[in-house]
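A.B. asks: Here is what each chain is made of, one letter per residue.
There are 2 protein chains.
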Amino acid sequence: MSSSNPLLLPELRQMIASNDAEEMRVFCSALHPASTSEFLSSLEAGEIWTILLEVDATLRAEIFSYFDEDLQVQIIESCPREEIAKLIEEMPSDDRVDVLEEVEQDAVDEILPLMSTEEREDVELLRSYEDDACGAEMSSDFIRLHEGMTVGQAIAEIGAQTHLMETVYYLYVLDDAERLVGIVSAKDLLRRINRQDEPIEGFMKSKGTLVTVDANDRREEAIRLVEKYDFVAIPVVDCDGKMLGVITHDDVLDAAVEELVENAHMSAAVDPLGDETYLDANLWTLARKRFMWLAILLFGAITTAIILKFFNDVTEQIVWLVAFLPMVVSSGGNCGGQAATLVVTALATDEISLDDWKRIAKRETAMGAILGGLMAICGYVNAILIYAFGEGSVSFVDLLIVPLAVFCVVFISNLVGALLPLLFKKMRLDPALMSNPFVAGLSDALGTFVYLWLALLLIMPFAAA
Amino acid sequence: MSSSNPLLLPELRQMIASNDAEEMRVFCSALHPASTSEFLSSLEAGEIWTILLEVDATLRAEIFSYFDEDLQVQIIESCPREEIAKLIEEMPSDDRVDVLEEVEQDAVDEILPLMSTEEREDVELLRSYEDDACGAEMSSDFIRLHEGMTVGQAIAEIGAQTHLMETVYYLYVLDDAERLVGIVSAKDLLRRINRQDEPIEGFMKSKGTLVTVDANDRREEAIRLVEKYDFVAIPVVDCDGKMLGVITHDDVLDAAVEELVENAHMSAAVDPLGDETYLDANLWTLARKRFMWLAILLFGAITTAIILKFFNDVTEQIVWLVAFLPMVVSSGGNCGGQAATLVVTALATDEISLDDWKRIAKRETAMGAILGGLMAICGYVNAILIYAFGEGSVSFVDLLIVPLAVFCVVFISNLVGALLPLLFKKMRLDPALMSNPFVAGLSDALGTFVYLWLALLLIMPFAAA
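Taken in sequence, the protein lines are chains C and G. Numbered per our numbering, the first sequence finishes at 465, counting up by one with no gaps. Numbered per our numbering, the second sequence finishes at 465, counting up by one with no gaps.
Simulated from the structure, these hints should not be mistaken for laboratory data. There's no promise every hint is true.
No copy is singled out in the list; a pair is fine if it fits within one copy or between any two copies.
To be verified - Here are the computed lysine to aspartate or glutamate pairs in the DMTMM-like style, where the Cα-Cα straight-line distance is at most 20 Å: (1) LYS228 with GLU258; (2) LYS228 with ASP254; (3) LYS86 with GLU101; (4) LYS207 with ASP176; (5) LYS228 with ASP70; (6) LYS362 with GLU351; (7) LYS205 with ASP254; (8) LYS362 with ASP56; (9) LYS358 with GLU69; (10) LYS289 with GLU258; (11) LYS358 with ASP280; (12) LYS86 with GLU69; (13) LYS228 with ASP131; (14) LYS187 with GLU90; (15) LYS228 with ASP95; (16) LYS187 with GLU157; (17) LYS228 with ASP430; (18) LYS309 with GLU391; (19) LYS228 with ASP68; (20) LYS86 with GLU118; (21) LYS86 with GLU119; (22) LYS242 with ASP398; (23) LYS228 with GLU23; (24) LYS362 with GLU276; (25) LYS205 with ASP188.
All chains should be built: construct the whole structure from the sequences, respecting the hints.
C.D. replies: Structure follows, in structure tokens:
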């Protein structure tokens, strides 16, 4: 999506005022459509439409496709229905479904009947799929071939089939029941340009080498396959093998970025924003999404408060213990958060699977011992520097409680942080829910308990004496 | 990268034992190369090479390109140098540079001289760029045209230029100094298949509509442009406008995923793993990367310990205060972490820029007040439930210190979490360095100070009396 660029605003307004159709046409075709849309975005919806009406329908749809979704919705809702219906017919079939989701229902109900039956049915098919299903991401604009065709006939079809914008790179061979039986790449076709009579069956990819997704598969599956095979587009079929559409490389890139951003948000305990951007999201909606998780995390803090109340006697008698409480618990929280993030991202990018749990457990046991040991040494040095000298000093032996607690808490938090995302995945929950603040909360409660319990066992008997 | 699949292991071993060349050829061409590589991966390097030698060089390179990098390195290091040099000549120019980085220098020094001069120079050019520069990601295999060509001549060039694997979708028009002057899309060429004498100049994209990256630009720039314009490939030029190569959609997808995973790791205070995966990374290397940040974060904990020592008198006299210390600081840490993650991901996906800082500050001031207020109410309810009744109860008025501190800490941490990534960006540091544990550490120290200082001001005077 492009942002707006007010650089040419006065010139554009002038152009509209003077109603110079030729100049508008030249302006719209001089730059890449993405740049044209950037300049136009600084105008009002009505002004933009005045300019766009001067260019041909294909370019108009292309420029329109680069506007921010908010602006697209505004134009669709405010401009003449008949012209908008034509615009929507020209749009890539996946994009128009996305934007129509945001347009008010009254406007949609008026626009859809003005579209051709075929295009309207296409919109309705795509709208019938779940938001994160492959069917909702696909475009139904692709080039169809028949099995018996030759190179020459295939090339002629490219000219004949007009809605080919998204997928000229692959041509799809369907049988009479519209089932996908082969894929011809534009590359292979171009290489055979001088052998027009060669049948496509000889070089098309067929049966064993076809890779498809089901329209009801989650879009992660399409991302995974496109990453694995480096496809420009992947075909979407229904349960009978009938070909419904294609998901193209640009949609996969957008979806992959969206998935990873959602993961990052969940890892920081923010409910995913969905289609909204950070700055455009409604303040109250965002506050609700953030508060929901903060409130859940508060339960961890309550547990910690109760543990601290329970150990009241210990902290009352050995006041210096309190100084190192944040160090003990945050060491565990930071280390557990690292482990959780490493496992969550490795799961998200298919580097590891549930079957690797034993290897991960073994690895993180060793890692916890190493990091726990190193952190314990640091913790002991700090404890000595802060409390072993001067007024109210504490003995070196008593201070050993700090490294002991740090080691235990780091070791346990690290293992818990690494394994809980796997458990969540096993339970078919999103592993990213095992968010870092959640790990930190667990490790606050756990760390507080371990630290004060060790003190109760090891120091209190002597302190009381 | 594909993983290994041992399903056909016995059959493959049998095939090698019986030395059945025809069967090996059939096996290698029956499936998609990515799937073939998955089955082959379960064999030893030497066995794989025996099978691959039976297929033609192009398919061999394609199957090879889908192996894990570790296996690629193993094969390159262990198989006959002359054959390997030929294999590397056939590989996409960006991929071979990546894998040669990992091969031991002795082997590289022996292999490079066996390659053709042209291919060797190409390897050396790509190796001269920084790891995260566009020049290191690009492939120098693209189809070159001249300005005066016709449709027919352009189509003939596709057949003539053999190394066109990566970029048949665009053809690049260069002038005599090899500067990029136009781009012809395969789509536009195919549509004009029956007008072979039409000059390409009439329909190629030229001057104002060309979008390129500089070889020294960081790869984020290529990702941004491909996301914006939905390109299948973007041309890479040097400072004189000379065309050096292209970055293709699959490389952009891989790079975008890698960038976001690096971001996620940094946000959890893990130094990026680079090319290594979580399970393959050396335990000690990973331990070092994790410990480095844990040690830095420890300084936050030391500050907190010193603050707590400073307020010793307060916690000694009003022991119940300690119970709510974790709640106060973790509320701030969680809220600040949310704000930091939202801003860091919005920066990474170009939703916001530095110029938006005023809007962000205003927004997060309101957000901090809302969330601070809500969390304060929750905190007060908890404080009352835990400490207002039964033995050692505390007055409702004294407990007001808890919501007061929660509000201040949440408000400040939220604003700091949102603005520090922007400050880091302004200082040309990576905003993701403003990691969530770092925000949590700041908010531990800050929260502890605010909480105990408020207690010193508001409760101590009366407690002492």
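A.B. asks: So, for every hint listed, does it hold in this structure?
C.D. replies: Each hint, compared with the structure:
no. : hint               : in the structure
1   : LYS228 with GLU258 : both (18 Å within a copy, 14 Å between copies)
2   : LYS228 with ASP254 : both (17 Å within a copy, 10 Å between copies)
3   : LYS86 with GLU101  : within (18 Å within a copy, 53 Å between copies)
4   : LYS207 with ASP176 : within (16 Å within a copy, 46 Å between copies)
5   : LYS228 with ASP70  : between (34 Å within a copy, 17 Å between copies)
6   : LYS362 with GLU351 : within (17 Å within a copy, 40 Å between copies)
7   : LYS205 with ASP254 : neither (27 Å within a copy, 25 Å between copies)
8   : LYS362 with ASP56  : neither (63 Å within a copy, 43 Å between copies)
9   : LYS358 with GLU69  : neither (46 Å within a copy, 24 Å between copies)
10  : LYS289 with GLU258 : within (17 Å within a copy, 27 Å between copies)
11  : LYS358 with ASP280 : between (44 Å within a copy, 15 Å between copies)
12  : LYS86 with GLU69   : within (18 Å within a copy, 50 Å between copies)
13  : LYS228 with ASP131 : neither (23 Å within a copy, 22 Å between copies)
14  : LYS187 with GLU90  : between (26 Å within a copy, 17 Å between copies)
15  : LYS228 with ASP95  : between (25 Å within a copy, 14 Å between copies)
16  : LYS187 with GLU157 : both (16 Å within a copy, 12 Å between copies)
17  : LYS228 with ASP430 : neither (22 Å within a copy, 29 Å between copies)
18  : LYS309 with GLU391 : between (28 Å within a copy, 11 Å between copies)
19  : LYS228 with ASP68  : between (31 Å within a copy, 11 Å between copies)
20  : LYS86 with GLU118  : within (13 Å within a copy, 52 Å between copies)
21  : LYS86 with GLU119  : within (10 Å within a copy, 51 Å between copies)
22  : LYS242 with ASP398 : neither (73 Å within a copy, 70 Å between copies)
23  : LYS228 with GLU23  : neither (47 Å within a copy, 26 Å between copies)
24  : LYS362 with GLU276 : between (41 Å within a copy, 19 Å between copies)
25  : LYS205 with ASP188 : within (10 Å within a copy, 24 Å between copies)
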